[in-house]
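Residue numbers (this note's numbering), protein chains in the order written: chain A, 20 to 367; chain B, 20 to 367; chain C, 20 to 367; chain D, 20 to 367.
Derived by calculation from the structure, the hints in this document are not laboratory data.
If a hint is listed, it holds; no wrong ones were tucked in.
Identical chains share a label here; the pair holds if one copy fits it or two copies do between them.
The list that follows gives simulated cross-link-like pairs (lysine-lysine, DSSO-like), each with its CA atoms no further than 27 Å apart:
1. K21 <-> K59
2. K291 <-> K59
3. K229 <-> K270
4. K55 <-> K208
5. K208 <-> K136
6. K185 <-> K128
Predicted, not measured: the structure shown is a model, and the values here were computed from it.
There are 4 protein chains.
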Amino acid sequence: MKRVGLVGVTGYTGMELARILLGHPGMRLTQVTSRKEAGKRLAENYPFLQGTELSDLMITAPDTSFLAANCDLVFLAVPHCTAMEMAAELRAKGARVVDLSADFRLRSKDVYESWYKVEHTRPDLLPEAVYGLPELYADRIAGASLVANPGCYPTSAILALYPALKAGLISPEDLVVDSKSGTTGAGRKAGVGTLFCEVSDTFRAYNLTKHRHTPEIEQELGLAVGREIRLSFNTHLVPMNRGILTTSYAKLAAGVDLDRVRDTYIGFYAGKPWVRILPAGVLPETRWVRGTNFCDIGLVTDDRTGRLITVSAIDNLCRGASGQAVANANLMLGLDLSTGLSQAAMMP
Amino acid sequence: MKRVGLVGVTGYTGMELARILLGHPGMRLTQVTSRKEAGKRLAENYPFLQGTELSDLMITAPDTSFLAANCDLVFLAVPHCTAMEMAAELRAKGARVVDLSADFRLRSKDVYESWYKVEHTRPDLLPEAVYGLPELYADRIAGASLVANPGCYPTSAILALYPALKAGLISPEDLVVDSKSGTTGAGRKAGVGTLFCEVSDTFRAYNLTKHRHTPEIEQELGLAVGREIRLSFNTHLVPMNRGILTTSYAKLAAGVDLDRVRDTYIGFYAGKPWVRILPAGVLPETRWVRGTNFCDIGLVTDDRTGRLITVSAIDNLCRGASGQAVANANLMLGLDLSTGLSQAAMMP
Amino acid sequence: MKRVGLVGVTGYTGMELARILLGHPGMRLTQVTSRKEAGKRLAENYPFLQGTELSDLMITAPDTSFLAANCDLVFLAVPHCTAMEMAAELRAKGARVVDLSADFRLRSKDVYESWYKVEHTRPDLLPEAVYGLPELYADRIAGASLVANPGCYPTSAILALYPALKAGLISPEDLVVDSKSGTTGAGRKAGVGTLFCEVSDTFRAYNLTKHRHTPEIEQELGLAVGREIRLSFNTHLVPMNRGILTTSYAKLAAGVDLDRVRDTYIGFYAGKPWVRILPAGVLPETRWVRGTNFCDIGLVTDDRTGRLITVSAIDNLCRGASGQAVANANLMLGLDLSTGLSQAAMMP
Amino acid sequence: MKRVGLVGVTGYTGMELARILLGHPGMRLTQVTSRKEAGKRLAENYPFLQGTELSDLMITAPDTSFLAANCDLVFLAVPHCTAMEMAAELRAKGARVVDLSADFRLRSKDVYESWYKVEHTRPDLLPEAVYGLPELYADRIAGASLVANPGCYPTSAILALYPALKAGLISPEDLVVDSKSGTTGAGRKAGVGTLFCEVSDTFRAYNLTKHRHTPEIEQELGLAVGREIRLSFNTHLVPMNRGILTTSYAKLAAGVDLDRVRDTYIGFYAGKPWVRILPAGVLPETRWVRGTNFCDIGLVTDDRTGRLITVSAIDNLCRGASGQAVANANLMLGLDLSTGLSQAAMMP
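Based on the provided sequences and hints, a complete structural model is requested.
In structure tokens form, the structure reads like this:
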């Protein structure tokens, strides 16, 4: 049984990590930290964990030395910038780290700084960090000591477009990625804008042209085609708790039809248990993946406009954050990718 | 006080029309029909109307002769095909008609039949029908006897793109219109797919590449540029009651910047009380227009990709159906466009 | 046209008051205040008011002298304690006041202090304050200079039980009042507990046995029977924006049947336009009163247990706060009770 | 590995049973039936099950002989009356049965018939049926061949009141049980009343004084005190998917305080892993038990009115139906009560 630590237990990703790890047969959560809630038992903070084996785990203030000494792996569920320094300390002390923040996702210090508007103080760690998308990088993740857990939106967008780009079925120009996310994506901090009465029964776009997940999507899709990509990525807030649905629009290469697209995707994801290419004519719903690591993809071609339209759905907290983090940890700790991650979706 | 009739009171658009007309100073609802609910008082069917002046209005079976003889104008809130025949009967008997169905929106019988998969049996009426979008056709509406009330999605898409296309600021190629609608758009008929537990806390796309509102958008935007347009129009279901938010992506013409776009839109909609071009940096939310005829438009340009992104929000039941129908009726009956339509949005 | 002021425009009750007053034919909102947002135009703060006649109204810091000099009446939508002092200042300067806070609702300084745990510093004003429930006190409200606008829950509970208690149809012992409220009732302040993701798709009770609206209900129902009443009043949070539904349980007096109960209620509320006694067998839904001043009441008797069960529904923001405040202002300013308050419910 | 069958896979309880059994280490779902969907693979009907081991399970028409011969136990998730006859057939053929309907919950044929308004055609089976509430009847369930799985509301009400009644802490007179349920409780059949737009953003009571779960609650609580009980049980519909919260009001016996109440409950449920008596001052939320078999209970005493108020929360689909059914099956098949039922709550 591996011992793992979680830095930052009070946000939704921390909460989700606790939920997932509760039933994990190969990993046990032995350290959870929060400056603010230190000294409480975990169940005091999260009553839903009462009566479980995590109920009495004490929340402590983060201590990288202690974490490094006592954990086989540490999850960082803290804001960017904070993560950067803490990952560096943990690495220096020999810990393996899965960082759920954005700090090590981008290969380029410059790109990071231009989108995040802060200095990247630990560019020395960028070369060793592995982008933790198991469908693309399972082998490298298994050997990594620092994994940059992908962003929620990028997970949905990259998995939806990568196979078509890689196979040259669509043009890397003219990509439009229109994403919609549940409200857990906004985090668990007090704020008027995400109050129930400000989100319920309404719908809005936000951060148009400026969302920080843009370069992450461009980086990975650029790697698929071996050149830089510029795409439109935009985001919307859905009055629901969990889930991202991403609708992507691309120009089909000449002569490509739906059958060829479907064959390509099915082939690309053969042996990858979590990407489900839906039957022709079926489009994904976020609830079908709720609480799971699945990414469901619907494929549609439009003869009138010559486009491929992909619709991809993930659970932003599970596949888009903590579930994927556990998958990465599984690989890093020599466990099977799916260990502890086989729950059915919570329906309805 | 003009007397108006409503054919088809049991759906959401019928319900909304009753709500709006209740406070209308120039029109009184004197006939409401429903085959199924005939014989009931209106408040028996709609308890929210108890204690109002519409409470005791009897629901009758539809009778076009009676309607034509006793109403200054008739609203048709019935399914397509049914509307076609009923409009023809009413017109033959001299009634003025606002048809909320799709039957007279498309100029071309062929286009109608290819998208709706039924025969258009009354193409003789197509030439006289006016597309009821007041910002574009107020004068013609005022003189019309048959107004085809626009679809909900097209209202949001056309108002968002028309000024830019008309002014040549964007290319008519490469348009992507990604729409999201509240669930009233699916109507008020029993069905498993729109049960609360099938819509709540989830998000999905539907009807990709096949939505029947596509040709309506293409028709009107084509008129803006004087040539045929083919665009990608796709729809999603939001777990909320009312509202449509449409995000549109277009290629900017060379040298066009945000200031020029904003000036064009502000100029185009000068004197049109219901289109609100939001301040730069502000994006619409569907709740800001809930229960109103406003169409709020946010404008964003993206230098990285050379795109104009428009975000437009309407209330699908009010501006997208019954409120716009009343606006059209106002014009047809010689009343001011805004009569009875000045309620503030229901917030929150 | 009367000029009215609103102190505290940034909360949900302030927002609702602006919405209602926008269409009011006898009152115009000429002053709105907020310390925090002073200097902004109203539409900057509330984009849903753009393009309306309130759009350019400047938000100012509150100044009781200016308000008293320039307004025929002032609405106070500020927290208790703050309201107390501000009402006193305004009264001293001659202004008529409708106070939406709890500060002048309770006749007894001691009762106020024991439930609110603060000192009541202006008990001198208690004798002149009138409890603003129009069905009970219309005449006194019309002559009042300081009206204590009732709480939302009490409005639903008092209207539901008063007639039966007054007529001796039920025992004043053994009353159980189980209330459920939409989340606007929690106000518009940042906090984790009312984030969308903490309220959506869940249900909880709160403040059991301690809700501060308890003494207000007991006071008014006690007046109905001429003696002190102690009842159980408890509250729950519903994942919806607006609305309160209150289910009350009472022991029927011997020999009282449903017909007698219904006759009593119908008689009691004869001539009161906003209380709708639903037909036998029909139970209220909060949406039927959304955005209105209606209080819908369903009456059920249970022979098995000898109980009268009442179910009452109001819109907590409109009838439970700002709509009722405008009704009170109407009476105080010599207008008809219903002036500007006849909108149909927003359905659905 | 035990083989189990499920009759009636298309409703929410069938769907939930499939979800739970997917990860069950001691039971495998080998037969699923539906007259309407026979011939489909399970994943065609439930896309969320794609890519799981249940994906290709064929739905068949129900055949009691085949089920009895090939299953160690059969779950019946069909309407009452249908269940009655099917259970009898299955029992006659030697199958062990967990019936999720109401048909065998009530000890008395007469009580059943007076509430359900149909004849009970298999009263011969009533003596052998065991009421499947593990906290009360674990031993008898373990030896039973026919278990009547409790209703959702009764599970929440009985667990909340049984210990206090058994110990004489409250009066069996004057009980008021006010329950609120998520909308899955209304089932998965097409109907206007449970459409998203008829449930969202509203709240209503239903079935007052007539809910069929009343006699079930009265039966079990009557057994706690050894005499007949008559109580008020009423139900409300919450705009959420899952969850029941039940608020119960009871008169405290003389001299009983909160400490004694808490000690009694904690003692009564010692060793029962799924009833969590929350810390003093903490009240349950339905989400804390989402997807689990927990029943969380908050206990409050009110000195002013001499009442005990209990608030209990369950997941109506899991603990209130399919999760409890699996727990009963565990006991009947010689497995540990909690086998396959230890998932953490889905939060948020």
